[in-house]
Structures are given as structure tokens and as C-alpha cells.
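K.L.:
Make the full structure from the sequences, and use the hints.
Per our numbering, the sequence shown starts with residue 21, numbered consecutively.
No lab work stands behind these hints, which were simulated from the structure alone.
Don't be surprised by glycine CBs; every beta carbon is placed ideally from N, CA and C.
Each hint should be verified, as a subset may be incorrect.
Cut-off 30 Å, straight-line C-alpha distance, at most; resulting in silico cross-link-like pairs (DSSO-like, lysine-lysine) [unchecked claim]:
id, residue 1, residue 2
1, K269, K216
2, K226, K304
3, K304, K280
4, K238, K207
5, K207, K280
6, K159, K207
7, K304, K207
8, K207, K129
9, K253, K207
10, K253, K269
11, K216, K129
12, K95, K105
13, K226, K216
14, K159, K181
15, K287, K216
16, K112, K216
17, K102, K129
18, K253, K304
19, K112, K226
20, K238, K253
21, K112, K95
22, K238, K287
23, K287, K304
24, K238, K216
25, K238, K226
26, K287, K207
27, K181, K166
Now the in silico label distances, taken between C-beta atoms and shown as ranges [stated by the list, open to error]:
id, residue 1, residue 2, range
28, E212, D308, 25 to 33 Å
29, G288, A86, 38 to 46 Å
30, K105, I61, 49 to 57 Å
31, K287, S137, 14 to 22 Å
32, L267, G309, 22 to 30 Å
33, E212, G309, 44 to 52 Å
34, S137, I219, 38 to 46 Å
35, L208, I177, 42 to 50 Å
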Amino acid sequence: MLFTWKVHPFFILFLPLNLYEIIFRYIEKKWQLFIIMLIPIIFTDESIRMTYGLIVAFSFIVLTMADRYIARVLKLESQNDKMRKDMQRLTKSLNENKEYIKQSEYTFKLEERNRLSQEIHDKIGHSMTGALIQMEAAKRLMGIDKEKSAELLQNAIHISKDGIESIRVTLKNMKPPTEQIGIHRMKLFIEEFAGKHDINIPFVYKGNLDMISPIQWKIIGENVTEALTNAMKYADATVISIDIHVLNKMVKVQVKDNGKGAALVKKGLGIMGMEERTASVNGKIIVDGRSGFSVTMLLPI
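P.N.:
Right under this line is the structure:
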């Protein structure tokens, strides 16, 4: 090798990079390797010492940067693997939760069905059986004791009325009030919309919601859907508030965002559709583009 250096002194310039590649990963403190690689500079020809030193320094910098880059890539791959496993675990957990919710809903329906069946059997079934017995007895006594027969028949009528009233009460308890259906649907829709579009939607309601008719709830739901969709398309908003206020003679519903608004409001198909729906129940739509954009519905009670 020494002979090679004397004959071809420039061959030593290949030494730093080759040795770096061989032992770079086996030395923890990289600066020690840098010093070691500078030792041969003493034995090199004076004409190439500067070049050799530059090659040692440049090779050290390049390999150090490459080593750090590789370490960073490996770290990122490890993090990605961890995130992938976490995602799979969360997806599995979410699917299990969905399945649990479905099973819970199905179980609840079965329990409710059994409860109603038992209630109808205990109350209405016994009443109808009693009424039937009274009517059969009245039929047998009709030709023998008309007064007793009439009394038994009247008792059967009372029992039947009580049974019909029990049916009415049971069915009424099964069906929630109109305002509960409307407000529940509105809450559910707002939660789904906010989650889907990742936006904050405060929802406030006050007053006697029972004053809102089913057709008004339908119009409110359709107009709120249209207003939220328009806000997501054009407003660049971060917050869209919804306010339902039942007053003495009208229902006021406002959808307002904190977006860029519009100095001049141009009524497109969406706003015109809201106006038509609201006008069908003698209501009114007010739009305002100042300080964000707002749509206000006024529905008479």
C-alpha cells in the first residue's frame, strides 16, 4: 500500500470515503472517526494534503447528514407503524361500539315491545275478558231477567269503555310530544352536520316548543339545512349559531355565521327556496350580509 502511495499518491484520496462507509456505523462518537481519518494526512504528499483534508471534512459532513436523515426516516417509519396500529385498534373499537349500539337499540326495542305487550295483556286483556263474560251472562238472562240482563250489559259497556281508554292512554304514552320529536331531530342533525364538517354550531332554543306545528318543524329543518349548507360553501365561517325562539305570536329562527358576509345579498335558488317554503305557512325570511351572514325565519303561530 505504501508503495502504491508513492507511485500513485492520489489513490489515498479514496481512503476517507471508503473507510467512512466501512466503520461509520460502528463508532458512536463520530468526531473520533473524523480525527482518525485525519491521521494519514501526515504521511501524504504535501501537494495533496489540502485536498485530502477537504475530502475528509466533506465526506464526514455528507455521511453525518445522511446518517441523521436515515435515523429520521427510520423514526418516522416507526411512528407511522405505531399510528397505523393505533388506527387499526381505534377502527376496531369503533366498529365494536357501533355494533354494541345497534344491539342495544335492538334490545331496547324488544324490551319496549315486551313491556307494551305485557301492559296490554294485563290491563286491556283483562278488561275485554271481563266485558265478554258480562255480555254472555246478559245474553243468557235476557229472556229470564231483563233487569239483571240490562245491568250486566251496562257493566260490560263500562268495562269496554275503560279498556278503550286504557288503549288510548297506552298509545299516547308510546308517542312522544311533537316538540320532543322536532327538537330531537334538530339536535341530531346539528350534531351530525358539525361532526361531518368539523365546525362549531351552538344551538339555543327557548319558549314553548309545543306551539310549533309539525309542518313548521319540517320547514324549519329544511331551511336550517339549506342555510348551513350555504354557510359552508360561501361564508368561510368557523362558527354558525342556530337560535329558535318561540314568542307569543310567532316563532323566530335565526341561522348566523361569523364569515365574510356580503355587502349586497344576491338571492340564489337556495334563498328563494327558503322564502317559498316559509311563505307557504304565511311566514317571512330576512337575510342580512352585515357582520357575517344571517338568515332569519318568522313563522306565525
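K.L.:
Please list, smallest to largest, the hint numbers that this structure does not respect.
P.N.:
Violated hints: 1, 6, 10, 17, 19, 29, 31, 33; rest satisfied.
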